[in-house]
Amino acid sequence: MSNANPLLDVSGLTKHFSIKGGFPIRRTVGAVQAVDGLDFQVGEGESLGLVGESGCGKSTTGRLITRLLEPTGGKISYRGQDITHAGRKQLAPIRSEIQMIFQDPYASLNPRQTVGKIVAGPMEINNINPAGGREARVRELLEIVGLNPEHYNRFPHEFSGGQRQRIGVARALALEPKLIVADEPVSALDVSIQAQVVNLLQKVQKELGIAFVFIAHDLAIVRHFSQRVAVMYLGKIVEIADRDDLYGNPRHPYTRALLSAVPEATVDETPARERIRLVGDVPSPINPPTGCRFRTRCWKATEKCATEAPPLVQVEGNKPGHLTACHYPETADTVPAPRLSKDPEAAA
Amino acid sequence: MTSTDQQPFLSIKDLKVHFSTEDGTVKAVDGLSFDLERGKTLGIVGESGSGKSVTNLTILGLHNPDSTTVEGSIVLDDQELNGASEKTLEKLRGNKMSMIFQDALASLSPYHTVGIQIGETYRKHTGCSKKEARARAIEMLTRVGIPQPDLRVDEYPHQFSGGMRQRAMIAMALVCDPELLIADEPTTALDVTVQAQIMDLLKDLQKEFGTAIIFITHDLGVIADIADEVLVMYGGRCVESGTKKEVLRAPQHPYTWGLLSSMPSLDGPVDVPLNPIPGSPPSLLNPPSGCRFHPRCAFAEKVESDLCSTERPPLEITDGRGSACHLTADQRSEFFADLAGSPAN
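Those sequence lines, one after another, are chains A and B.
Per my numbering, residue 62 is the first one in the first sequence, and the count goes up by one each step.
Per my numbering, residue 49 is the first one in the second sequence, and the count goes up by one each step.
Worth flagging that the hints you see were computed from the coordinates, not collected in a lab.
Check each hint, because a few of them may be wrong.
[Said to hold, decoys possible] Partner residues aside, some chain B positions facing chain A, computed with beta carbon under 7 angstroms: (1) 141; (2) 236; (3) 269; (4) 317; (5) 320; (6) 324.
[Claimed, not checked] Over 10 angstroms on every C-beta distance to chain A, these chain B residues come out as not near it, computed from the model: (7) 96; (8) 171; (9) 211; (10) 241; (11) 245; (12) 292; (13) 306.
[Unchecked claim] Calculated from the model, a selection of chain A residues having no Cβ within reach of chain B, i.e. all distances over 10 angstroms: (14) 77; (15) 80; (16) 127; (17) 130; (18) 149; (19) 157; (20) 171; (21) 175; (22) 252; (23) 253; (24) 318; (25) 338; (26) 351; (27) 392.
Glycine residues also receive a C-beta, built at the ideal position from the N, C-alpha and C atoms.
All chains should be modelled from the sequences, with the hints used to inform the complete structure.
See the structure below:
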């Protein structure tokens, strides 16, 4: 599903954080290869889900898109304009169009500012004066997110976690953005509140036509919210597809393992899904494995996997737009990995 | 949870834990009762302010005696723990009963090696030498699946990954082969694949040693995986209990039903909004009158008069199955019938 004119077009996106060390003179001794060559697009009004586990680089990707970080390689185009290394002045008009919602509702709101000031903040910084005044606009935003506009003068600590997250959403909407990067927007919330905020984000997306990059590790929530989903592992996209294709026909072993590890609140006599157990931990992004980065935990890795990094392509049997990076993609009848819980070193 | 001739291994009766604060009394746990048999796993489901963590800290006697009032009875293997001396509790903690906490990085000392921390518990309860304690620590690390345990035993917690730290904490909790293990959200902060590994580990260990486990979580999927019996807590009270199958397939309380129907699944419909539970968890300083869930309950209006806001619904338990709700049995069958298409039994 490649757009002729995508809202956001990312190619070869790379971010390496250099590690300094050495004595007596400090120099660069290595790099954390947090994000290493990502290609994806987001169309207008579309929602792209970015899933993966800790250390896969999804949060870093979110920060690169919003240019809170500058890439060390690759290209980011927003509406056809190259913003990869754009300076502050160049970015200023675009910043209002790309906004962010953060994970921690307790850390992302200034405790010393009232809610009104927080939500009006983006307008003040960008010298934007909506017709009718900023206060009226803030009250309108509070209503859109389901908060009482009368609470304009309250402070963040007077609100619950879910309400604080709504304030974060109101703030992100203040400048009428075209794209919102939501970095784990519901992970820190109680389960009974998560659904409230997810519904709010969906309503916002549908009514205001805002595109989303939805970063999360909860596969069920990502499925609910996104039309297209990319799975990341150790700085790379290992699989990307339209939602139904990814969840219905996962071809990459890691995607399979991830899906099978999600505990479901059902009690059946016969288990509906085969459980795949990955052994070991995620390797360090400072020294990622050669070739395919997933090979150290993959039950069918061969020599080829260590020498050749598999390209992200539409492998045989995939629908168009469904790309997988694996030399031996899973098929519907592939036998899943055996349980190796007692032998963690087996897949070395 | 059916008792035969023996008493259950762990028996909590009418537990009340109140904290006195500047703003008033916080009724964190307000009349909780449950039993647990050896070798079984009780899953406690609850969110912020449900009282689940306070319950477990109180069982271990880790509450602050100056500001906390504990009423009711906590009987472990025929021994009353409420009111027991600190000396008695010390002998039991880490030995007969132990706990795994949610945040391993915060719960492990950054200044001591993992081996020292695991060995410390062992030395305290067995009086063995440092050498023996180290050997035991290596044995435990092997048992929980840490690779190269003889090298890792001398490392510090920050050198371990999140999943490994959690395993190290499990090793520490199990070093004296406890008969009761309390796990307070042990996998919430972990990735889903690591969570699956840890759950497998706990299940294997329970099979091998017959440990009774109390597993606290807000994740009903995790409950479905690991629990035998389930206790749902809300606002410091039990609102529903039963076997895993009973509670997850045919919930009898609007809160349980609300949790189950608000969760997106991996294969349900996508283009319909989720069904959240409106509102937020209650304040325990000024809890709602009557049923603590009533301000958020979709069915409170179906109950005649204002029973829900005036009277606390009694928790009626038969054979371990029960719930605290003013709705009649018929009403529950009708309202909770369409949970994922499965009929309420």
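### chain A versus residue 96(B) - minimum CB to CB distance exceeding 10 angstroms, so not interface
Answer for residue 96(B): violated, closest chain A Cβ roughly 5 angstroms.
### Query
Does the claim that residue 392(A) lies off the interface hold, with its Cβ farther than 10 angstroms from every Cβ of chain B?
Holds, because the least Cβ-Cβ distance between residue 392(A) and chain B comes to about 20 angstroms, which exceeds 10 angstroms.
#### Entry: 10 angstroms cut-off, C-beta based - residue 149(A) kept clear of every residue in chain B
holds (36 angstroms)
### Query
Do the numbers back the hint for residue 320(B), that is, is its least Cβ distance to chain A under 7 angstroms?
Constraint on residue 320(B) not satisfied, violated at 9 angstroms.
### Query
Quick one, is the residue 236(B) hint okay against chain A at 7 angstroms, beta carbons?
Residue 236(B) check fails; min Cβ-Cβ to chain A is 10 angstroms, beyond 7 angstroms.
### Task
Confirm or reject the statement that residue 292(B) sits farther than 10 angstroms, beta carbon to beta carbon, from all of chain A.
violated (6 angstroms)
### Message
Is the claim that residue 338(A) lies outside the interface with chain B correct, judged by CB distances over 10 angstroms?
### Response
violated (6 angstroms)
### Message
Please verify that the nearest CB of chain A lies beyond 10 angstroms from residue 241(B)'s CB.
### Response
violated (5 angstroms)
#### Entry: Separation of residue 80(A) from chain B, once the least beta-carbon distance is taken, above 10 angstroms
holds (16 angstroms)
### Task
Verify the interface restraint on residue 141(B): the C-beta must sit less than 7 angstroms from at least one C-beta of chain A.
violated (28 angstroms)
### Message
Using Cβ atoms and 10 angstroms as the threshold, tell me whether residue 171(A) really stays out of contact range of chain B.
### Response
Per Cβ check, residue 171(A) is outside 10 angstroms of chain B; nearest 22 angstroms; holds.
### Task
May I ask you to test the interface hint for residue 317(B) with respect to chain A, counting a Cβ-Cβ separation under 7 angstroms as satisfied?
violated (9 angstroms)
The earlier numbered hints that this structure contradicts are 1, 2, 4, 5, 7, 9, 10, 11, 12, 13, 22, 23, 24 and 25.
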